[in-house]
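Each protein sequence line maps, in turn, to chains A and B.
If you're matching positions, the first sequence starts at 1 in the working numbering and goes up one per residue.
If you're matching positions, the second sequence starts at 1 in the working numbering and goes up one per residue.
Fair warning: there could be bad hints in the mix.
Claimed, not checked - Pairs of lysine-lysine residues, derived as DSS-like cross-links and limited to a Cα-Cα distance of at most 25 Å, are as follows:
hint	chain 1	residue 1	chain 2	residue 2
1	B	215	B	201
2	B	215	B	164
3	B	164	A	11
4	B	201	A	11
Unchecked claim - Chain A is nowhere near these chain B residues, computed Cβ spacing over 10 Å in every case:
hint	residue
5	27
6	109
7	121
8	169
9	184
10	234
In short, the hints are calculated from the structure, not lab data.
C-beta: ideal position from N, C-alpha, C; glycine also.
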Amino acid sequence: MERIAAWLHEKNPGLDGPIDVDEDLIEARLIDSMDFLEFIDLLEDISGSMIDLQEVTIDDFRTLGRVQQRFLSVSGPAAAASAAAG
Amino acid sequence: MSTSSTTALPDGGLKNPGPGLITLDPVHTALLHGLDDLLTGLAARLAAPEVVGPPLLSVEGLARLDYFRNFPHLGVSAGRFAPDALDGLAVGESPGELPLRPTGHLLPSATCYGLLLSLEGRDVGEGGLRLSAAGRCFRNETHYDGLRRLWGFHMREVLYLGTKQGSVEHLEQGAEFVQEVAGRLGLVLTRAAADDPFYDKGGSRARLMALDPVKHEFSAPDGTAIASVNRHRNFFGERLDIRAGAEGPAYSACVAFGVERWVHAMILAHGTPEQALERLRDARV
C-alpha cells in the first residue's frame, strides 16, 4: 500500500497527511481520469496479476480499503473475482 | 415567443448552404424557439439566471480544461486571413485558396465552457451557483445528418457549481424536468449511460468513464440523444480555482439540451413540422 499512497501523493502534491482508507478516490479525483490506466498499471505491477476492466466495477477502485481487499489481499485478485462472481 | 403567426414560405423553402448547415424555415424556426422557451423552464424552476456566454473561447483556456486532449477533432477554429492575402481578396482572388492565420480562439463546442472559464477564481459558496445559457455550438463531424447532426447547433444548458451533494441534486432535478417536458410534448425518451465523443476511445478517460458513467443521455425512439445530464466531479473547480466555500474546489454538473434535436424528435413523434408545432402550442398552454 505504501507504493499506492506514494503514487497518490505524487499525483496530488497539495495533499497533506495520510489518505484515509475510506476516502473516495474517484469522486475526489485523487485518481484523475487521465491517470486511471497508469493506476491500473501500478496495481498490476504490485499484485503481479492482470486486471481485466470487463470484470471490475468502479467501486473496486473507490477507496484504498477496497483496493487492498480486491487486488492486494493475500488471496489475490483471482480469489476476489471468484468471490465476487459467487 | 409567439408561434401563432407562423406561415410557410410561398416558394416552398430555403436553400441549405451545405453539409451540416441548415437554414430553418418559419415553421422549424417556430419549433426551435418554442421548444427553447419550454426548456428554459428548467432554469426558472431552479432559479438559474439567464446569461449569454462569449461567442469565442481562447485555446489557452480550453487547453487548461484538457479540451484538446479529449476532443482535438471537434474544434472549429476562428481563423483570419493573413494581411498579405487582403490585397488579393480585394481584387477578387478566391478566398478558398488564401492562407488563414489562427487567432487563438475556437468557436464553442459546448455552452458551459465559456461560462466556466468566466468563473475562474470565484468562490461560489457552499450554497452554490446556477447559470442558464443557450448558445450556438460548433463541432467538426465525420458526417452530417439533417437536424440530428449539424456543424453548428443550439445548445441550452443549466450549469451548477457548488457541493458534491448539490451537483447530484441538480442532475436529479434536471432529469425529472426532461421526462416531464417530454411527457407534455408527447415524446418518449429512453435514458442510458453515454460516452462523450473522445478522440482516444481506448484512453484513460474513456476507460474510466465506461466504468463510471458521468453522462446520461435521453434519446428519442430513433436513437437521437436530445438531452443529457453530466457531472464533472470537481474537475473544473480544480482547474479553474472555483471554490465552494469551506468545501474546497467546487463540484459542477450540467443539464444540456440540443435544441435542433428536440425539433427533430418532435417531427419524428408527430409526423410533420406543422403537427409538431400544434402539439408544442398545446403543451405551452
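Violations among the numbered hints, reported as their numbers in ascending order: As far as the earlier hints go, only 10 is violated by this structure.
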